[in-house]
Amino acid sequence: QEEETEEEDTDLTLPMNSTSSEIVMNDKIAVVRCNLNETGGRGNGIMILRILKTKMNDQEITVIRNKENPIKASESAVSQMALSHDGTMVVTTSVRGTLLRGFTTDEEVKEKKILEVRRGSSQSRIYHIAFSKDDTMITCIGDKGTLHLFANTANKACKRENVGSSMRMLSFASSYVSSKWSLAQAKLKFGEATLFFEKDSNNIVFMITKNGMLFRVDFTKMLDENGTEPEIQASFMTKVYEALLKKNKIARARQLLDEGKVPIIINYGENPDSKKNVDRSVKWPFNPGTLLSCGKDMLVGQVCYELVQAKKLSKDHNFVFFIKMVNEDEEVVYKELDYQKTFSSYFEEYKSDEESLPVYSYITK
Numbered sequence: 001q002e003e004e005t006e007e008e009d010t011d012l013t014l015p016m017n018s019t020s021s022e023i024v025m026n027d028k029i030a031v032v033r034c035n036l037n038e039t040g041g042r043g044n045g046i047m048i049l050r051i052l053k054t055k056m057n058d059q060e061i062t063v064i065r066n067k068e069n070p071i072k073a074s075e076s077a078v079s080q081m082a083l084s085h086d087g088t089m090v091v092t093t094s095v096r097g098t099l100l101r102g103f104t105t106d107e108e109v110k111e112k113k114i115l116e117v118r119r120g121s122s123q124s125r126i127y128h129i130a131f132s133k134d135d136t137m138i139t140c141i142g143d144k145g146t147l148h149l150f151a152n153t154a155n156k157a158c159k160r161e162n163v164g165s166s167m168r169m170l171s172f173a174s175s176y177v178s179s180k181w182s183l184a185q186a187k188l189k190f191g192e193a194t195l196f197f198e199k200d201s202n203n204i205v206f207m208i209t210k211n212g213m214l215f216r217v218d219f220t221k222m223l224d225e226n227g228t229e230p231e232i233q234a235s236f237m238t239k240v241y242e243a244l245l246k247k248n249k250i251a252r253a254r255q256l257l258d259e260g261k262v263p264i265i266i267n268y269g270e271n272p273d274s275k276k277n278v279d280r281s282v283k284w285p286f287n288p289g290t291l292l293s294c295g296k297d298m299l300v301g302q303v304c305y306e307l308v309q310a311k312k313l314s315k316d317h318n319f320v321f322f323i324k325m326v327n328e329d330e331e332v333v334y335k336e337l338d339y340q341k342t343f344s345s346y347f348e349e350y351k352s353d354e355e356s357l358p359v360y361s362y363i364t365k
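Per my numbering: the sequence shown = residues 1 to 365.
Treat the hints with care, as some may be off.
Pair ranges (Cβ atoms, derived) [said to hold, decoys possible]:
id : residue 1 : residue 2 : range
1  : Asn26     : Arg216    : 25 to 33 angstroms
2  : Lys28     : Gly145    : 31 to 39 angstroms
3  : Gly212    : Arg160    : 29 to 37 angstroms
4  : Glu229    : Asp134    : 42 to 50 angstroms
Treat the hints as calculated values from the structure; they're not laboratory data.
Backbone N, C-alpha and C fix where the C-beta goes; we use that ideal spot for every residue, glycine too.
Take the sequences, apply the hints, and build the full model.
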């Protein structure tokens, strides 16, 4: 019999800006996707870590690994994860997107899987998973366009049950027919989206799409009043969406500047004040607001040429570059950049304050 040795804890350093497909965390727990496939590839397992300290300045955290082995979350790669608000449970789904599985983060519990519910039978890319504020409900949305609402029966405070299959009497034949399904659904085919619950209600889910649509989905009548359809309200969050987009783009642009790079935001038209309609006969290669970057010592004309070549634009089309600046009179002005100069030659004039923004490039003829 081999002598048991106590394995030492291992310190790890992880980036703070990882996505929900790689890391989910709160102030005490971090759950990291890891690879348990012998053939390599994306990770199909998760590893639970305890957070020791954070380093916000360089966007890193230091964690310590639990002594238990990593958990196999699925046969195929984990695509999305969500951590409960109290940090006691993590829910995962794979690239197949047919099942959601819940695992405890408690080191003392041997049986880690505490929940399994079925979204559907066909493959789906899951965009987002979210817990209700009290962690008794779980919701998800994928590219099938159905928002699902599940009861988190692993939580003792949950008073609801998920739906069993109508063929559950044949459960000896397949795990599929013995699955637990979502207790409520809503059809919302509007592309990639993010979900969150109403603060004071487990029956109301909000969905924000990438193009700025806001949906309020109220399941109250379905769950409590024997209704057949949820109540759905929709609006376009023009001002809110544009403000968030601008805030995020400018924050990232300033970070690029700090890294010694030139942030370039792509738009359409002849100049920042142009109201001219965009030529739609050309398939424009960038979405408005796309953020790119280049080296400060590059010629403006060189960047323009490389963008045109990379996107195979017509020779009649070009990129005109402007920098938004505050002049000596404290007025906000746009200055067109000379193709023969480097970007760095303009940065001595660049005044870094709340009114100054990065380089804007406008595609034009």
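Right, here's what the structure says about each hint:
| no. | hint | verdict |
| --- | --- | --- |
| 1 | Asn26 to Arg216: 25 to 33 angstroms | holds (26 angstroms) |
| 2 | Lys28 to Gly145: 31 to 39 angstroms | holds (36 angstroms) |
| 3 | Gly212 to Arg160: 29 to 37 angstroms | holds (32 angstroms) |
| 4 | Glu229 to Asp134: 42 to 50 angstroms | violated (25 angstroms) |
Hint 4 alone, counting from the list given before, is not met by this structure.
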